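**Student:** Residue numbers (our numbering), protein chains in the order written: chain B, 3 to 81; chain R, -8 to 121.
These aren't lab readings, by the way, just hints derived from the structure by calculation.
Worth double-checking, as some hints may not be accurate.
[To be verified] Derived DEER-like restraints, expressed as beta-carbon distance ranges:
id, chain 1, residue 1, chain 2, residue 2, range
1, B, 61, R, 101, 33 to 43 Å
2, B, 68, R, 99, 31 to 41 Å
3, R, 96, B, 18, 35 to 45 Å
4, R, -8, B, 78, 40 to 50 Å
5, B, 21, R, 88, 18 to 28 Å
6, R, -6, B, 62, 19 to 29 Å
7, R, -6, B, 60, 19 to 29 Å
8, B, 47, R, 58, 10 to 20 Å
Computed from a predicted model, the values in this text were never measured in an experiment.
Using N, Cα and C, we set each Cβ at its ideal position, and we do this for glycine too.
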Amino acid sequence: MPSPNELRERIQAALPGAEVAVEDLTGGGDHFRAEIVSDRFAGLTRIEQHKLVYGVFGDEVGGSIHALSIKTSTPGGSG
Amino acid sequence: MNNTEIRDFIDNAIRENRVMLFMKGTPHQPACGFSARTAGCLNSLGVQYAALDILPDPRIREELSGLSGWPTIPQLFVEGELIGGCDIVTEMYETGELAERLGVEQPEDTPEPQATESAKRPIGLENRLD
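Turn these sequences into a full structure, and let the hints steer you where they fit.
**Tutor:** Laid out in structure tokens, this is it:
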């Protein structure tokens, strides 16, 4: 069962330099919320930003990670 | 119905319905909080939309995600384009971007999305996948 820490580390590994906060919403290890600030999001649409994050986990999202709520932004502001 | 037929059905639903929501359950009986919230945003804006319950057959979700590249449910499409899931739709609802994208007026006080209160009844998309 994934932990918030594990998710955070994996996102940071995929998006070097990103500020990442992951919260386990239910305490059950399957509903997470991630807030990510990364300059990699610059110039991308919200869809593209979220797909980038979902891409880190592949089939696990919808599987062992039942739900991953995402909020993305760039260091400069709105993203 | 085989997987190709399911995929064609989904593809048609996206192309033929200007506002198309894939969700767990129905707008009147959502089976998941994220689906309820997303349907609620559309209900609060009073837009007409088609909704398809993905729960009756696991292949619907597999084919949908294969088509859209988006792993989770709900998924909202407008004019054939994936807008996003619950997070993005909620965020766009709150900022007024969703109303703009749909060509409707943003409610003055931006009420909390209501899952059951529906200004216009959603189009019941016939589920021919059973």
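**Student:** Does each hint hold? Answer for all of them.
**Tutor:** Going down the list of hints, with the structure as the test:
1. Distance hint check: the CB atoms of residue 61 of chain B and residue 101 of chain R are about 36 Å apart, consistent with the given range 33 to 43 Å.
2. Our hint of 31 to 41 Å for residue 68 of chain B and residue 99 of chain R holds, since their Cβ atoms are close to 36 Å apart.
3. For the hinted restraint 35 to 45 Å between residue 96 of chain R and residue 18 of chain B, the CB-CB distance of approximately 43 Å keeps it satisfied.
4. Between residue -8 of chain R and residue 78 of chain B, the C-beta spacing of about 48 Å keeps the proposed range 40 to 50 Å intact.
5. Taking the beta carbon of each, residue 21 of chain B and residue 88 of chain R are about 24 Å apart, inside 18 to 28 Å as hinted.
6. Checked against the given bound of 19 to 29 Å, the beta carbons of residue -6 of chain R and residue 62 of chain B, roughly 22 Å apart, stay inside it.
7. With their beta carbons about 20 Å apart, residue -6 of chain R and residue 60 of chain B fall inside the hinted range of 19 to 29 Å.
8. Between residue 47 of chain B and residue 58 of chain R the CB atoms are about 18 Å apart, so this pair conforms to the stated range of 10 to 20 Å.
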